[in-house]
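Asker: Spelled out from the first residue to the last, the chains are:
Protein chains: 2
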Amino acid sequence: MSPGSSSREREAFRTLLEAVRRRVDDRLPTWLAPKVEAANAVSAEVGAVAEAVTALALRGGKRMRPALLAAAYDAFGGGDVAAVELPMVAIELLQVYLLVHDDWMDDDDVRRGGPTVHVALRARFGSKSLGDAAAILAGDLASGFAQDALFATPLPADRVLRAARAYATLQEEVVCGQLAEMQAATLVRSPAPTVETIHALKTASYTVTGPLAMGALLAGADDTAAARLGRFGRPLGVAFQLRDDLLGTFGDPSATGKPVGNDIRQGKRTALVAEMRGDSKAEALLAKVLGRTDATDADVAEVVCAMETTGARARVEARVNELVEEARRGLQALALPDGPARDALYGAAWALAARST
Amino acid sequence: MSPGSSSREREAFRTLLEAVRRRVDDRLPTWLAPKVEAANAVSAEVGAVAEAVTALALRGGKRMRPALLAAAYDAFGGGDVAAVELPMVAIELLQVYLLVHDDWMDDDDVRRGGPTVHVALRARFGSKSLGDAAAILAGDLASGFAQDALFATPLPADRVLRAARAYATLQEEVVCGQLAEMQAATLVRSPAPTVETIHALKTASYTVTGPLAMGALLAGADDTAAARLGRFGRPLGVAFQLRDDLLGTFGDPSATGKPVGNDIRQGKRTALVAEMRGDSKAEALLAKVLGRTDATDADVAEVVCAMETTGARARVEARVNELVEEARRGLQALALPDGPARDALYGAAWALAARST
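Residue numbers (my numbering), protein chains in the order written: chain A, 1247 to 1603; chain B, 1247 to 1603.
Just so you know, the hints here were simulated from the structure itself, not pulled from any lab data. All values reported here derive from a predicted model rather than from experimental measurement. Warning: the hint list may mix true and false statements.
One copy or two, it doesn't matter: identical chains are merged, so the pair holds either way.
Said to hold, decoys possible - Cross-link-like lysine-lysine pairs, in silico, DSSO-like; alpha carbons within 27 Å at most:
{"id": "1", "residue 1": "LYS1534", "residue 2": "LYS1308"}
{"id": "2", "residue 1": "LYS1534", "residue 2": "LYS1504"}
{"id": "3", "residue 1": "LYS1534", "residue 2": "LYS1514"}
{"id": "4", "residue 1": "LYS1514", "residue 2": "LYS1504"}
{"id": "5", "residue 1": "LYS1534", "residue 2": "LYS1374"}
{"id": "6", "residue 1": "LYS1374", "residue 2": "LYS1514"}
{"id": "7", "residue 1": "LYS1308", "residue 2": "LYS1374"}
{"id": "8", "residue 1": "LYS1374", "residue 2": "LYS1527"}
{"id": "9", "residue 1": "LYS1308", "residue 2": "LYS1527"}
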């Protein structure tokens, strides 16, 4: 899509992503095995919670976040990415922690093709309230596992510690973003933040800017350089979430795993919805359908149609392109040395913003 | 109580605790103010969640945990405890994180003389489900604030990083302990861990062994020395929780803030309950009353009486003394240099195990 993205760049990111995926899929189970063993030594029930965390962590995900961390580490001169295997594991376990709590809040049943952790633990503990409590603790446990992985990174302590501060910051951001999203979806009290502010906090932070900053800091970059990387990461992270908004309604359900109309029935305040504001007919339609879990397929189809006719979809697509260009300019300004690592970062911009799943 | 505890030692800990309390009470609000400001910049609702975290953090607590961290730091030659102000803030914010999630799980309404965070946020968001979701996120936010404080410690990076690993470990332990306690209180499936195992994981970890290890590591102690400190901290942490069990039933309600019979009506598997096992009459009584929120005062009085007549109370008191002696021997084996810091650690054993609130 982006004219600036060459096939060499895309290939560089694909190659990196593949290598990272193998590494993470190897390291995650060996990192978690002694943790599960320790939990099982307490009792079989405690072990079951650690196992639920492990099952979700191993059930995949694209491993985009660790790939971005690795790309930044390499581009900032860190060298062999074997040294950042544990931070990559940490960022995946951080995601598990966030997903477990998020799925419970959204009352979602399925995640990565299996039951969500609270659903699995309700069954295991034979009770909704016990399963829910165990799920919150499962998320907290994953957070502990993630921190331990990050702190065990075999690199100079000052680098690891600066990466840890970036890690703390991204957690604060993502939680504020989740709260802001909840507010936007449900409350009318104070003015809600804009969709792009929410996307920047909730998604860009832990998906793009956080992993990039951590990779750069682990390679020995100073805080200023890591902050400048945000001019690439922030627009890219927002573009990533806008693509998610688009795929939620216009993507191929068999590829995305999300049924058409899911976002609409759940009442998500996506960029598509925001772009329909100001059109009185579209607003009336939204008022009738958005957030109605019992909306008919015809209702949903009418909303989807209005997203086309009002130009909302086209405006969001245009905004994605704009943000990708902004990200590319931000990357250019860093004047990184030529090579596969820099190519992979350019390629990441394409992969995150133009993906179809 | 403990014959080995001199008034000089008790006084040393009291002096330290007072100094730490002033320090923590000064530093916590200045650490949190910019965090609250950042949250308010997102929206007033997000700000309200950061404010709920701050309110609970500032509403007190005895600041025992930071005092133990400071005592270990000083005893291991760290020098002026001003350097560990931020780790002390971190350990208090970690407790806020754990309390927020724990109070939601236990459905408790009051904490430190004010509403629990989920109760406050249900009111603020005008909905139980939104308030509960916001409370889980409030806990997660406190965890981010705590990590950031720890990582910002102005001490050599390798020391801070080793303390951070101890911090990750204590989180894993406390979560496993909470799960084990939940299992013991509600499930009969697999054999539940013993009361002392649960106490060691759930309470000793983040109350005593974790703060002590962090203080020692921040002072430059190696992992072996920090681990040997566990021979002091672990029995002391268990004694602390056994004292809590005793105070929950035999303490002065006006001092502890807990109504008599609360533990019994909530069905807590305290050491007192465990010590009644094997006596068939007492077991029958427990089966009838324990965990019945509607138990009459007469029922509760009968259980309390049985705790006396079966000797359960006396056995738990004896066990506290035994554990304190074990802790003192563990401390002796460390052969720390004479001085107020070592005295304060001996004094802490008294303060934690013989307290009346």
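Asker: If a hint holds in the structure, say so; if it doesn't, say that too.
Answerer: Okay, the hints, checked on the actual structure:
no. : hint                : verdict
1   : LYS1534 <-> LYS1308 : neither (36 Å within a copy, 53 Å between copies)
2   : LYS1534 <-> LYS1504 : within (22 Å within a copy, 50 Å between copies)
3   : LYS1534 <-> LYS1514 : within (14 Å within a copy, 49 Å between copies)
4   : LYS1514 <-> LYS1504 : within (14 Å within a copy, 43 Å between copies)
5   : LYS1534 <-> LYS1374 : between (32 Å within a copy, 25 Å between copies)
6   : LYS1374 <-> LYS1514 : both (25 Å within a copy, 20 Å between copies)
7   : LYS1308 <-> LYS1374 : neither (31 Å within a copy, 35 Å between copies)
8   : LYS1374 <-> LYS1527 : neither (42 Å within a copy, 33 Å between copies)
9   : LYS1308 <-> LYS1527 : neither (39 Å within a copy, 59 Å between copies)
Checked against the numbered hints above, the structure breaks hints 1, 7, 8 and 9 and satisfies the rest.
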